[in-house]
Amino acid sequence: MNKVLKGVFILALLLIYTTGFAKSISFVGAGSTFAYPLYSKMFNVYHNKTGIKVNYQAVGSGAGQRQIIARAIDFGASDAFMSDAQMSKAPAKLLHIPIALGAVVMTYNLNIKGKLRLTPAIITGIYLGKIKKWNDKQIKSVNPHLNLPAENIVVVHRSDGSGTTFIFTDYLSKVSKQWRKKVGRDTSVGWPVGIGGKGNAGVAGLVKQIPGAIGYVELIYASSNNMPMAYLQNSYGNFIYPSLDSVTAAANTKIPDDTRVSLTDTPAPTGYPIAGMTWLLVYQQQHYLGRSKAKAEAFAKLIWWMTHDAQRYTKPLEYSPLPKNVVKLAENILKSMTYDGKAIIR
Amino acid sequence: MNDMVKKLKLRQIQDKLFTAIIGIFSIAMLLPLFFILFYIIKNGAAAINWHFITSLPKPVGQTGGISNAIVGTIELIGIASLIAIPLALFTGIYIKEFEKNKLAAAVSSLTDLLQGVPSIVIGIVCYLWIVLPLKSFSLLSGAVALAIMMLPMIIKSTYHSLRLVPESLKEASLALGTPYYRTVIKVMLPAAASGILTGIILSVSRVAGETAPLLFTAFGNPFMNFSIDKPVNSLPLLIFNYATSPFSDWQKQAWGASLILIIMISVLNIISKFMEHKWKTTY
Amino acid sequence: MSRISCKDYRSGSLEEKGSLRIVKETLFRLLLVAAAITSVFIVMGIFVSLLLGSWKSINEFGLNFIWSSTWNPAAKTFGALPFVIGTVSTSFLALLISIPFSFASAIYLSLYLKNGWFSGLLKFSVELLAGIPSIIYGFWGLFVLVPIVRSFEIKLGFIPYGVGILTASVILAVMIIPFASSMAAEVIKLVPQDLKEAGFAMGATRFEVIKNIVIPYAQGGIFSGILLAFGRAFGETMAVTMVIGNSNAIPKNIFSPSNSMASVIANEFTEARGDLYLSSLIEIGLLLFAISFIVNAIGNRIMKKMDVKK
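Protein chains in written order, with our numbering: chain A, 1 to 346; chain B, 1 to 283; chain C, 1 to 310.
If we strip away everything but chain A, and leave its shape as in the complex, we get:
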């Protein structure tokens, strides 16, 4: 027994010795699953380049916002911008730094030839539970070229709080009064119908598995799985297919200095209607919880890299890079980050 005890004791010392507390610089971020493929690529490259480890967990934009307010992580990532009321819950001023543009696409599981076309009225009808069958008159009328089956529509939505949901419900609230009144827009809402999947991945997985399903996911989750995407009718009346160009076109509107803006239901004639920005959420004043100056500098450098050099990883992963005017705005925001009152980047 003594030997066992001694062994355990030595093991304990060893563990404490090898673990101990962190010394090297590393960052923890969490949030958006929408941007996860992009961030995992960026942070992997950055680690190989600089040795700095960035641990990013795709737990949903809602979680990203919550955890940055709780200061349990170094940065949050969100596809929904925070309202003034939400920001006031944080212990200090939060900044939104745009990283990329993306599109939320309607993906479906139907055995049809050709691409489905959807109008705002059809999407709201389906998600309010009013349109129940694929061969509904409304759907047929805009899809005369398709042989739609009499299958039930299985609605799939997110089960976790998500920026993708925010962008999607923001769009629905803009195009439908009834939706705005009955459901509203948020990172998670009370869904009238449907089943929930966790993360973009979960929704894509469910749609892929269930015949007759329809769901909303970020572009790359649909395209990387060869899932079909629907043409959507924008406010101009055109049916637009989700693509990098149509998303960039959607951003062709006025963007405020703090970049907190919704890009959905764009007035641009060639713009895709359910597009959005994805942001990092960071504290303006970086000297908190005993953070060192070196850490703050490394942090600002990382984000600078993400908004500049690393923009080249967006296109291969089917995100749209930031337009030049937005990069300029991001630079200004980054320059407003301070450590003990002094700007970190000049």
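Check the hints yourself; a few may be wrong.
[Stated by the list, open to error] Some chain C residues judged to face chain B by a derived CB distance under 10 Å, without partners named:
(1) K24
(2) R29
(3) L52
(4) W55
(5) L96
(6) P100
(7) G116
(8) F118
(9) I135
(10) F143
(11) T270
(12) L281
(13) L286
(14) S292
(15) G299
Treat the hints as calculated values from the structure; they're not laboratory data.
Glycine included, C-beta positions come from ideal geometry on N, C-alpha and C.
Starting from the known structure of chain A, fit chains B and C onto it as the hints suggest.
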């Protein structure tokens, strides 16, 4: 008379039928087990190779490994054991030695209750206790959650094993003038060692597969982590994240990780079985 | 004298230096008490933390929390009824499915073949089943069971979700069978041999002995075994989360997607923005804790009365 014979036959048929039904249900019970094991071995074995075990996860599209999760699981279990074993051991001794005491009775029934507390609840509590005050998801918070889950099993096994040690052994030691604490440590604990160790190993094998309490404590990490105040990955967490992803690459890796997890747990269970039989002290 | 109390041996110290020895003894006993008190504090602490954490939601919604069926974070209204129904129906259905299997294997193990290769295989399998982590059950359920259930749903004309109450119940049943089976076997073993032999001597068949002697005798134990298995089932998180469908509406039938109390916490806890949202999730945790408390207290009491070793 004929009636009686008829009735007897009927009863015998009834009995045979019952036996058959019992047998069928018992065999049917085994089916899911073989089904599950078959699936995991078939899919898991295809995913496992040296690269898989020794390298870190990569972005989608590049083949990565799960070394961070394997190491993370070992770290979590190690630290959880460091916390749980001493605490549970002493608590177990207390319950046995002061059995008539009211506090001991209270501890004993609370331990039973703790065993029934859903693991997700323990996750919430450790988030409130450790993650929020320390302002970080961490290896420590995950380990504490697992430690709390280990406590009742080790306490119970310590108590039951000590109860099997004959009173005469203790009395003999005390009669020789051995101090009480030495009697407990040198005489009683060694005599109960096989049972206690079995309990410890079983508790480790049980928490090794726990996911729910780690969701908001250990959190996950694509890198290797050796800091107690930083998030860490574990096999069950990785399986959850990869299994629910749409990337068939990741799903394959999740099968591989499942097989490795099952092997780890089975080895622990076999060790405990072995100890139960070979080390058993009989009086 | 059958037991030696602490005072007796303290006076018997002859060799070691008296005072040092007393210090050591006291220290040792203090250590034991400290450990025991720590364990008590942990359990109490869990309860107190949950209560404090859910205070806001308890204040806001009161008892309505359990009866209200709207869970809408955007509108800040939180009612747990859909999850309570989801949890209770999956656990109950799982029990129904598992009872014949666990009961049969328990009788087999304790009355028919106590030894022999088949009972060895059965015992071994029950232990293996009990050792598989819940995440792996969920994973397997998602990829194997869900498509099977889906094909049934297509044949029966239901919406082919695949995920839902039935799928979750089947997975839960597979998970609680080993637990319920070993529990029932322990209880059945307690039936005195002479009672059974008396039955056989009267010319009763095995079926009749089981029906008229074993089951009535073990009734209480079997009931509490079922209760404890129920307690297991409703706290189960991961496997259920993966196959229940995560829908926050009240389920219409056993094929409907639903959500359980544990899985709504797993899904929404890290993200819950706003104190009320978080507090409501913690209150669900408190409910889980309270129910497990009651179920286990009753189950353990009956088991203890019967002196069943778990």
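These are the hints, each one checked on the structure:
At about 6 Å, the closest approach between the beta carbon of K24/C and any beta carbon in chain B falls short of 10 Å, and the interface hint on this residue holds. At its closest, the beta carbon of R29/C sits 8 Å from a beta carbon of chain B; the interface hint therefore holds under the 10 Å criterion. Given hint, L52/C at the interface with chain B, holds; its Cβ is 9 Å from that chain's nearest Cβ, closer than 10 Å. Interface hint at W55/C: violated, since its Cβ lies 12 Å from the closest Cβ of chain B, which is beyond the 10 Å cut-off.
Interface hint at L96/C: violated, since its Cβ lies 14 Å from the closest Cβ of chain B, which is beyond the 10 Å cut-off. At a threshold of 10 Å, the smallest CB-CB gap from P100/C to chain B is about 5 Å, leaving the interface hint in force. For G116/C, the interface hint is violated, the least distance from its beta-carbon to any beta-carbon of chain B being 13 Å, above 10 Å. Given the 10 Å rule on beta carbons, the hint for F118/C holds: about 8 Å separates it from the nearest Cβ of chain B.
Interface hint status for I135/C: upheld, as the beta-carbon distance to the closest one in chain B is roughly 4 Å, under 10 Å. For F143/C, the interface hint holds, the least distance from its beta-carbon to any beta-carbon of chain B being 8 Å, beneath 10 Å. For T270/C, the interface hint holds, since its Cβ comes within 10 Å of a Cβ in chain B; the closest pair sits about 5 Å apart. Annotation: L281/C was flagged as interfacial toward chain B, and the flag holds, the nearest CB pair being 8 Å apart, inside 10 Å.
With a least beta-carbon distance of about 8 Å to chain B, the hint placing L286/C at the interface is held under the 10 Å criterion. Here the hint on S292/C is kept, as its CB sits about 5 Å from the closest CB of chain B, short of 10 Å. A cut of 10 Å between beta carbons decides the hint on G299/C: the least distance to chain B is about 8 Å, and the hint holds.
Violated hints, in rising order: 4, 5 and 7; the structure is consistent with all others.
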